[in-house]
Structure formats: structure tokens, C-alpha cells
Amino acid sequence: VQLQASGGGLVQPGGSLRLSCAASENILSINIMGWYRQAPGKQRELVARITRDGSTNYADSVKGRFTISRDIAKNAVHLQMNSLRPEDTAVYFCNGDRGWYVYWGQGTQVTVSS
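Residues in the sequence shown are numbered from 1 upward in steps of one, following the working numbering.
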């Protein structure tokens, strides 16, 4: 599976961005689709994920601000990010977990700064 992330950029604090992840295969064939992020000098961390049955989970730091969704027809997963904060600055990665194998897309940079 190939995962192509897009939508990153520079935004002011309080602003919004929408990240997209396009998968080369049916996303329902993948157990869990998720977004991770890695800030400079920090470990990669889970931001949000959505399971095959549509259940969602979020990191505590983004609850109420970020929303993960999917477009099954387009094999895409999106991350709507609102009320962005400087601490959200990181490279964001799309992830697909089949249980026996994990796929990673290339990262997309999100910078929150005034």
C-alpha cells in the first residue's frame, strides 16, 4: 500500500488546516488508518486513528480540536485540524496498520507560527 499525504503548510495560531492521505488500495482492507506526528527532538506520537468499523481515537492533546474522517470511495483519510497551536508544529505522517504490517506515507510539514 502506498500512502500519499498532503495539506501541510504554515498557519497562524488559532488557524486551521486539513491534511489528506490518499491510499493506493481500498482503505477498508486496512485495519487502522491513522495520523502520527513528530516534532524536532521528539518521538513520533499518535495523533488520531480510525478503525475499519469507523471508531476513532485521539491523543488527549488534540481532542476537541482535530477530527479524523475518511472517504471510502476515494480511499482517503483526512485530518481536520482547528484551533492550531504552536505546539502542534511537527511533521505529520499518514499510517496504515494491517496488523501484520504497517505502512507509512511521507510526512507533511505543519508549522504553526505567527
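Honestly, the hints are just simulated from the structure, not real lab data.
The beta-carbon is built from N, C-alpha and C at its ideal position, and this holds for glycine as well.
Fair warning: there could be bad hints in the mix.
Stated by the list, open to error - Under the rule of at most 25 Å between Cα atoms (straight-line distance), these lysine to any residue pairs were calculated in the SDA-like manner:
hint, residue 1, residue 2
1, LYS63, ALA76
2, LYS42, SER29
3, LYS74, SER114
4, LYS74, LYS42
5, LYS63, ALA22
6, LYS74, SER24
7, LYS74, GLY9
8, LYS74, GLY14
9, LYS74, ASN31
10, LYS42, GLY7
11, LYS63, SER24
12, LYS42, SER113
13, LYS42, SER24
14, LYS74, TYR101
15, LYS63, ARG18
16, LYS42, SER61
17, LYS42, ALA73
18, LYS74, SER20
19, LYS74, SER113
20, LYS63, TRP100
21, LYS63, GLN12
22, LYS74, SER61
23, LYS74, GLN12
Claimed, not checked - Pair by pair, the computed Cβ-Cβ distance ranges are:
hint, residue 1, residue 2, range
24, GLY14, ALA59, 18 to 24 Å
25, GLY64, GLN12, 39 to 45 Å
26, ARG98, PRO13, 34 to 40 Å
27, ASN31, THR111, 16 to 22 Å
Consistency of the hints with the structure:
Restraint check for LYS63 and ALA76: the C-alpha separation of about 21 Å stays at or below 25 Å, so the hint holds. For the hint pairing LYS42 with SER29, the CA-to-CA distance comes to about 31 Å; that exceeds 25 Å, so the pair is violated. A C-alpha spacing of about 34 Å is found between LYS74 and SER114, which places the hinted pair above 25 Å, so the restraint is violated. Distance hint between LYS74 and LYS42 is unfulfilled; the C-alpha atoms sit about 33 Å from each other, more than 25 Å.
Between the alpha carbons of LYS63 and ALA22 the distance comes to roughly 23 Å, so the proposed pair stays at or under 25 Å and holds. Restraint check for LYS74 and SER24: satisfied, since their Cα atoms lie roughly 10 Å apart, inside the 25 Å limit. Pair hint LYS74 plus GLY9 holds up; C-alpha atoms about 23 Å apart against a cutoff of 25 Å. Note on LYS74 and GLY14: the hinted pairing is violated, with a Cα-Cα distance of about 29 Å set against a maximum of 25 Å.
With a C-alpha separation of about 17 Å, the suggested pair LYS74 and ASN31 falls inside the 25 Å cut-off, and the hint holds. For the suggested pair LYS42 and GLY7, the alpha carbons sit about 22 Å apart, so the restraint of at most 25 Å is met. The straight-line distance between the Cα atoms of LYS63 and SER24 is roughly 29 Å, outside the 25 Å bound, and the hint therefore fails. Simply put, LYS42 and SER113 have alpha-carbon atoms about 19 Å apart, close enough for the 25 Å limit, and the pair holds.
The hinted pair formed by LYS42 and SER24 fails the criterion: a straight-line CA distance of about 29 Å is larger than 25 Å. A hinted pair counts as satisfied when its Cα atoms are at most 25 Å apart, and LYS74 with TYR101 qualifies at roughly 22 Å. Restraint check for LYS63 and ARG18: the C-alpha separation of about 16 Å stays at or below 25 Å, so the hint holds. Our distance criterion of 25 Å between C-alpha atoms is met by LYS42 and SER61, whose separation comes to about 15 Å.
Restraint check for LYS42 and ALA73: not satisfied, since their Cα atoms lie roughly 35 Å apart, outside the 25 Å limit. At most 25 Å may separate the alpha-carbon atoms for a hinted pair to count; LYS74 and SER20 meet this at roughly 11 Å. Taking the CA atoms of LYS74 and SER113, the gap is near 32 Å; set against the 25 Å cutoff, the hint is violated. Using a Cα cut-off of 25 Å, the hinted pair LYS63 and TRP100 is violated, with the two alpha carbons roughly 28 Å apart.
Note on LYS63 and GLN12: the hinted pairing holds, with a Cα-Cα distance of about 19 Å set against a maximum of 25 Å. Distance hint between LYS74 and SER61 is unfulfilled; the C-alpha atoms sit about 29 Å from each other, more than 25 Å. For a cut-off of 25 Å, the pair hint linking LYS74 to GLN12 is broken: about 30 Å separates their Cα positions. Here the CB-CB span from GLY14 to ALA59 is close to 19 Å, well matched to the stated 18 to 24 Å.
At roughly 19 Å, the beta-carbon separation of GLY64 and GLN12 lies outside the given 39 to 45 Å, and the hint is violated. Range check, ARG98 to PRO13: about 37 Å between beta-carbon atoms, so the 34 to 40 Å window is met. Between ASN31 and THR111 the beta carbons are some 31 Å apart, a value that contradicts the proposed interval 16 to 22 Å.
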